[in-house]
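J.: Given chain Y, work out where chains A, B and F should sit, using these hints.
Protein chains in written order, with this note's numbering: chain Y, 1452 to 1594; chain A, 1452 to 1594; chain B, 1452 to 1594; chain F, 1452 to 1594.
By construction, these hints were calculated from the structure, which means they are not laboratory data. Take the hints with a grain of salt, since some may be wrong.
To be verified - Using 25 Å as the maximum straight-line C-alpha spacing, the simulated DMTMM-like pairs for lysine to aspartate or glutamate come out as follows:
| id | chain 1 | residue 1 | chain 2 | residue 2 |
| --- | --- | --- | --- | --- |
| 1 | F | K1557 | Y | D1495 |
| 2 | A | K1557 | B | E1568 |
| 3 | A | K1557 | B | D1530 |
| 4 | F | K1484 | Y | D1495 |
| 5 | B | K1557 | A | E1573 |
| 6 | Y | K1557 | F | D1547 |
| 7 | Y | K1575 | Y | D1495 |
| 8 | Y | K1557 | F | E1573 |
| 9 | Y | K1484 | F | E1568 |
| 10 | B | K1484 | B | D1464 |
| 11 | F | K1557 | F | E1592 |
| 12 | Y | K1557 | F | E1568 |
| 13 | A | K1557 | F | D1530 |
| 14 | F | K1557 | Y | E1573 |
| 15 | A | K1557 | B | D1547 |
| 16 | F | K1484 | Y | E1568 |
| 17 | B | K1484 | A | D1547 |
| 18 | A | K1484 | B | E1568 |
| 19 | B | K1557 | A | D1547 |
| 20 | Y | K1557 | B | D1530 |
4 protein chains.
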Amino acid sequence: MAFDETLDTRAIDGFASQSFMATLGAEVMETGKGRVRVRFRRRDGLTQQHGYLHAGVSTAIADSACGYSALSMAPQGADVLTIEFKSNFLRPASGDLFEARGRVVKPGAQIMVCECEVWEIEPKERMIMTMTATMFIMNPEGG
Amino acid sequence: MAFDETLDTRAIDGFASQSFMATLGAEVMETGKGRVRVRFRRRDGLTQQHGYLHAGVSTAIADSACGYSALSMAPQGADVLTIEFKSNFLRPASGDLFEARGRVVKPGAQIMVCECEVWEIEPKERMIMTMTATMFIMNPEGG
Amino acid sequence: MAFDETLDTRAIDGFASQSFMATLGAEVMETGKGRVRVRFRRRDGLTQQHGYLHAGVSTAIADSACGYSALSMAPQGADVLTIEFKSNFLRPASGDLFEARGRVVKPGAQIMVCECEVWEIEPKERMIMTMTATMFIMNPEGG
Amino acid sequence: MAFDETLDTRAIDGFASQSFMATLGAEVMETGKGRVRVRFRRRDGLTQQHGYLHAGVSTAIADSACGYSALSMAPQGADVLTIEFKSNFLRPASGDLFEARGRVVKPGAQIMVCECEVWEIEPKERMIMTMTATMFIMNPEGG
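In isolation and in its complexed conformation, chain Y is listed as follows (with noise of 0.2 Å):
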C-alpha cells in the first residue's frame, strides 16, 4: 500500500468527514507536506451523457486533494475553505482509473494557492484536467 503513515494524517482524516468523497469512490493514496494524491473509478452514477466520468466528479476530488494539501500546511486545529477554482478540461474522461494529484503551489498564513492535475491512470496515463485553486486558512485562534 502507498500511503505513508508516518506524514500528516489530517488528510486522510479529512477525506474520511467528507460524505461525497465516500460518494464519489475518492481513496487517499498518498499524502506529504503540501501535497495529496487520490484515486477514483469511474462506476454507475458518476458519468455524463456518453458515460464517461462526469466533469464534476474529478473537479470535487481535484478541490479536496487542493483543500488538504493546504491544510497538511497550515498550524494544527486551522480550517480550510475553498475561495475559488478553476479547471480545464483537456480531454474527455472516458478511462476506468483516475488519479488527482494535489499541491500547494504557494503557502501563506492566511491564502495558499493550489495546483491539482487529475490523471487517467488506466487504460492509458495521460492527463485530462488542471486546476488552480485558492483556500482560506481559518486558523485555531481566528484569523
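T.: Relative to the frame of chain Y, chains A, B and F by itself:
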C-alpha cells in the same frame, strides 16, 4: 409544477442522461432558450467535513446547467463539451435547498460562454456560488 | 460630466495613483458603494496583431475597476490586493471606446468577490469581456 | 543571446506585431515548439499604487506568451484568439526584472490549453503569478 413543457426538452433529457445528476438529486425546474434552472438538496452523501454541501456538488450541477443552457441554443443533434469553468464560493453552503440558474452569456457556433449563479433557497435566499463556463459545441456535421 | 463628487473618492484617487492606468488612458466615470465605471479608448500602443485592443488592456482596467469597487466597501485606510481573476473574451475588441463596469458581488472583511463587464461603447454597444476577481483586504490594523 | 534562430519565428514576429507588447517592453528570449519565454522590466508607467508592477502587465504578457506558444503548434497561416485566461497572483511584483514562461499543456486542432508562470528574476528568483489560458485556433481554411 414549474416546468414549461412547451420549451426545448433537451435540457431535461440531458439531465436524465447523466447518472451523476441523479446521484446528486438534481431536478430541472425550468428551461428556456439559453437558460436552465435546477434544484437540489443537501443530504447525506453530499457533504463536506462540517456537514455543509460539498463545493463539488454545486459545481457539478452548475456545470450541467451551463452545458444544457448552451445546448438549448445549439443546432438539433449537437453535443456540448465543457472546455473549462471557474467557480467562486461566496459563503458556506449550510442551507437545505439550492437552485442553480444557468444562462448563456454569449452564444456562438463553436464556443458559448455561460454563467451560473447558485442560490440557497431554504432557509434563506442568498447567493452562494458563481460560475463562468466555456462550452464547445460539437455540431452534427462534425464542426 | 458623469462623475458624482459626493461619493467615495478613493476609486478616483486610486486610479490616479496607478501609473499603468494613465498609460492605458483609463478614466473613472462614476463610482459608488461597491461599484466603479471606467472608460478607455483603443489607440496606438494598446493593440494586438490585428489592430484590435489587446486583451491585456481591458483585463488590467477591469482588475483596477474590481479592486477599487472593493476598496469602496472597505474600512478607511484599508488596502486591496488582487488574489486572482478570470476573464472570458466574448468577441474581438475591434471598437474605439470601451467601458469597464466593476462591482462587488460579495463584500467581506478579508475577501471580496467582484465582477466586471467590459463593454464596447462605440461604434456599437456590446459586451466584449467578463471578469470575476477575488480581492484581499489589508486592513489598517493589519488584518 | 538566448534566442534560438533555428526555431519557429512566428512568436517573435507575433510579439513584434502587437504594439501593446512594445508599450510593456516585452522581449522574446526564446521560443520552441509549444513554448515561449519573454522578459520585461518594471518601469515608470507600468506600476500600481505602491510602485510595484501592475498585475495587468504580467497578465497581458503572459496572455501573449500563451498565445504564441499555441501558435507555434498550429498550422502555418493559422491565427490564435484568447477565449479566456485565469491568473493567480502569488506575491506583490516588487522586483525589477520578470520572465514569463508560457507553454502548451494540451495541443489541439481547435482548442489549445496553455499555462504560463511569471517569475521575478531580479533581485530574487521567485514565482509571482500563474496563468491558465484557453486558445482558439483559427485555421487558414477557416476552421
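J.: All hints, please: hold or fail.
T.: Results for each hint:
{"no.": "1", "hint": "K1557(F) <-> D1495(Y)", "result": "violated, 28 Å"}
{"no.": "2", "hint": "K1557(A) <-> E1568(B)", "result": "holds, 13 Å"}
{"no.": "3", "hint": "K1557(A) <-> D1530(B)", "result": "violated, 34 Å"}
{"no.": "4", "hint": "K1484(F) <-> D1495(Y)", "result": "violated, 40 Å"}
{"no.": "5", "hint": "K1557(B) <-> E1573(A)", "result": "holds, 19 Å"}
{"no.": "6", "hint": "K1557(Y) <-> D1547(F)", "result": "holds, 21 Å"}
{"no.": "7", "hint": "K1575(Y) <-> D1495(Y)", "result": "holds, 20 Å"}
{"no.": "8", "hint": "K1557(Y) <-> E1573(F)", "result": "holds, 19 Å"}
{"no.": "9", "hint": "K1484(Y) <-> E1568(F)", "result": "holds, 22 Å"}
{"no.": "10", "hint": "K1484(B) <-> D1464(B)", "result": "holds, 15 Å"}
{"no.": "11", "hint": "K1557(F) <-> E1592(F)", "result": "holds, 22 Å"}
{"no.": "12", "hint": "K1557(Y) <-> E1568(F)", "result": "holds, 13 Å"}
{"no.": "13", "hint": "K1557(A) <-> D1530(F)", "result": "holds, 21 Å"}
{"no.": "14", "hint": "K1557(F) <-> E1573(Y)", "result": "holds, 19 Å"}
{"no.": "15", "hint": "K1557(A) <-> D1547(B)", "result": "holds, 21 Å"}
{"no.": "16", "hint": "K1484(F) <-> E1568(Y)", "result": "holds, 22 Å"}
{"no.": "17", "hint": "K1484(B) <-> D1547(A)", "result": "violated, 32 Å"}
{"no.": "18", "hint": "K1484(A) <-> E1568(B)", "result": "holds, 22 Å"}
{"no.": "19", "hint": "K1557(B) <-> D1547(A)", "result": "holds, 21 Å"}
{"no.": "20", "hint": "K1557(Y) <-> D1530(B)", "result": "holds, 21 Å"}
Consistency with the previously given hints fails for numbers 1, 3, 4 and 17, ordered from lowest to highest.
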